[in-house]
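Visitor: Sequence:
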Amino acid sequence: MRWLLQRTVSFSTNFSKFRHGFGLIQTCGLVNVKLKWVKDKELDAVVAREKHLKAVCNLVSIISSSHDSKAPIFHLNTHRGQLGLPQELKLAAFIRRYPNIFVEHCCRDGAGTRVPCFGLTPEAIELYSEEVSVLRVNKEDVLSRLCKLLMLTSERTLPLHSVDHLRWDLGLPYDYKRSLVRNHQDLFCLVELSSDLVGLKLLHWDERLAVSHHMRSDDMAFPVKFTRGFGLKRKSMEWLQEWQRLPYTSPYVDASHLDPRTDL
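Here the sequence shown is numbered in this note's numbering, starting from 13 and rising by one per residue.
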């Protein structure tokens, strides 16, 4: 991580008088830390094996919310942009890779042509029901996470497509616009943004949520552990320890006084 420490010094217009004094001021600029790239074979294997997990989970959610828990391929294709699949990969071919999750049927489109239609296996239905149950039990936690995300922005507003990109990491349900936003109009509302974008806005600031995880502990420093074969030089470790002792700035405080062009 790179930090820029800025210091303001008052000085007289007679610069030559203080020339030597400025030479004694300790300054700190940008620090570039070069790390040795070390492969983690076990992690790489998991990432390679599960690279389409998000796409499969999204398809399960889409099919489950469809009529009779079945969806024709032309309907699923309208959600392709949210799946993150390679453009050259046909969606029907991708779904057929997972017969233990998806069941293929046939249906007719508006012109009467037979097209593939996909449902879920009993095991997939049971697993999805369990997921819905977990989300229901942890609904308040999910709501808090979404509120805290919006509180990190200057206007408590984010474009919907930005929230969509973070939905998986925040643990939001696939239909969060309906199950969370629409059912909690006392917390959220949709607003029009520039360039014909739609944004999600948090209506009220919640002081109870404006406490970061680090602020709950008196010690801001945290232990740093590296995987085998990966580490920092002694000089870099000393810099990292010094950085951990810097004053902590909460992500929820007003940061208008900070220069957005720096890393501070």
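Read the hints as simulated data drawn from the structure, not as lab findings.
A virtual CB, placed ideally from N, CA and C, is assigned to each residue, including glycine.
Certain hints may be false.
[Said to hold, decoys possible] The list that follows gives simulated cross-link-like pairs (lysine-lysine, DSBU-like), each with its CA atoms no further than 30 Å apart:
no. : residue 1 : residue 2
1   : Lys53     : Lys82
2   : Lys82     : Lys66
3   : Lys189    : Lys51
4   : Lys151    : Lys237
[Claimed, not checked] Okay, the calculated beta carbon distance ranges per label pair:
no. : residue 1 : residue 2 : range
5   : Leu97     : Asp121    : 19 to 29 Å
6   : Val127    : Gln99     : 33 to 43 Å
7   : Trp255    : Lys102    : 43 to 53 Å
8   : Lys102    : Ile137    : 18 to 28 Å
9   : Arg190    : Glu219    : 41 to 51 Å
10  : Ser78     : Ser262    : 42 to 52 Å
11  : Asp121    : Leu178    : 28 to 38 Å
12  : Val223    : Glu143    : 45 to 55 Å
13  : Ser262    : Asn150    : 49 to 59 Å
Visitor: It remains to establish, for every hint, whether it holds in the given structure.
Guide: Hints versus structure:
Of the pairs offered as hints, the one joining Lys53 and Lys82 is violated, with about 39 Å between alpha carbons and a cut-off of 30 Å exceeded. Using a Cα cut-off of 30 Å, the hinted pair Lys82 and Lys66 holds, with the two alpha carbons roughly 19 Å apart. Annotation: proposed proximity of Lys189 to Lys51 is violated, straight-line Cα distance about 39 Å (limit 30 Å). Taking the CA atoms of Lys151 and Lys237, the gap is near 33 Å; set against the 30 Å cutoff, the hint is violated.
Roughly 22 Å separates the CB atoms of Leu97 and Asp121, a value that falls within the hinted 19 to 29 Å. Hint check: Val127 to Gln99, Cβ distance near 21 Å, so the stated range 33 to 43 Å is violated. Distance hint for Trp255 and Lys102: a CB-CB separation of about 49 Å, consistent with the stated range 43 to 53 Å. At roughly 25 Å, the beta carbons of Lys102 and Ile137 sit within the given window of 18 to 28 Å.
In this structure, Arg190 and Glu219 break the distance hint of 41 to 51 Å, their C-beta atoms being roughly 29 Å apart. Taken as a hint, the range 42 to 52 Å holds for the pair Ser78 and Ser262, whose Cβ atoms sit roughly 43 Å apart. Taking the beta carbon of each, Asp121 and Leu178 are about 34 Å apart, inside 28 to 38 Å as hinted. One distance hint, 45 to 55 Å for the beta-carbon pair Val223 and Glu143, is violated here, with the actual separation near 29 Å.
Between Ser262 and Asn150 the CB atoms are about 25 Å apart, so this pair departs from the stated range of 49 to 59 Å.
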